[in-house]
Amino acid sequence: MSHHAITTLPLPIDALERELDDPECGACVSFIGKVRNHQDGRAVLRLDYEAYPEMATTLFEIIAEEAIQKFKVHHVRIVHRVGALAIGDVAVWVGVAAAHRGEAFSACRYTIDEVKHRAPIWKKEYYADGHAEWVTCQHDDEDAPL
Amino acid sequence: MIITVKYFAQLRDRMKRDEDVIELSPPATPGDVLASLIPDTDERTRLLSCLQVAINHTYQSMQTPLHAGDELVFIPPVAGG
Chain F
1 MSHHAITTLP
11 LPIDALEREL
21 DDPECGACVS
31 FIGKVRNHQD
41 GRAVLRLDYE
51 AYPEMATTLF
61 EIIAEEAIQK
71 FKVHHVRIVH
81 RVGALAIGDV
91 AVWVGVAAAH
101 RGEAFSACRY
111 TIDEVKHRAP
121 IWKKEYYADG
131 HAEWVTCQHD
141 DEDAPL
Chain V
147 MIITVKYFAQ
157 LRDRMKRDED
167 VIELSPPATP
177 GDVLASLIPD
187 TDERTRLLSC
197 LQVAINHTYQ
207 SMQTPLHAGD
217 ELVFIPPVAG
227 G
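Those protein sequences? They're chains F and V, same order as listed.
Using this note's numbering, the first residue of the first sequence is number 1, and each one after it goes up by one.
Using this note's numbering, the first residue of the second sequence is number 147, and each one after it goes up by one.
The shape of chain F in the complex, shown without the other chains (with noise of 0.2 Å):
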């Protein structure tokens, strides 16, 4: 798999934690976002991701740059899956490593919340109640500040 990606395939958490390590860094912080069972009191069944691959990664890219230059960390790598997810599935993860735990946490939030501001990528829910939805609207709740 190359440095960021998107894939169709279930993501291999743990090489991707693995290939985390770098003696010079001291913290490593990876956020993992699964498919949850539920989305504003509805019951989901199961959701489709979509992306835009090829301009996708390359924000993905872009993102990953501007965390390390504003937080001083050494590695960021964001991997996404696509295609027809099942409850609890691994969508997206997100890896940091730095020197020191403080920038790695700050570095993993913004590149998570970049993502989901500016990655073209799309998310159809299937709800208990038979209907299909694009989801339209980003819930910002948990951008709320630690």
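In case anyone wonders, no lab produced these hints; they're calculated from the structure.
Computed from a predicted structure; not experimentally measured.
Mixed in with the good hints there might be a few duds.
Calculated cross-link-like contacts (lysine to any residue; reagent style SDA-like; alpha-carbon spacing at most 20 Å) [what the hints assert, rightly or not]:
1) K162/V - P172/V
2) K124/F - P223/V
3) K116/F - I221/V
Dock chain V against the given chain F, drawing on the hints supplied.
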């Protein structure tokens, strides 16, 4: 000039196809292309309020001039991550 327009997500559902290859007379903008694809004014107004524009994998605007060989994508509201 010839450009390619690609459709994703709800816009692909609306257009019922993945892409178009379009011949345009310059000067032309994404706004011009959208007007030719979606003739209904009300529908186009709704779309203009929620679509972003990408040309050759970079966010641009509805007024950015297009050039021969460009790849144009109207980006519906994103929901990745």
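Here is how each hint holds up against the structure:
1. At most 20 Å may separate the alpha-carbon atoms for a hinted pair to count; K162/V and P172/V exceed this at roughly 27 Å.
2. With a CA separation close to 12 Å, the supplied pair K124/F and P223/V stays within the 20 Å bound.
3. In summary, the hint linking K116/F to I221/V is supported, as the alpha carbons are separated by about 14 Å, within the 20 Å threshold.
In terms of the numbered hints stated before, the structure departs from hint 1 and from no other.
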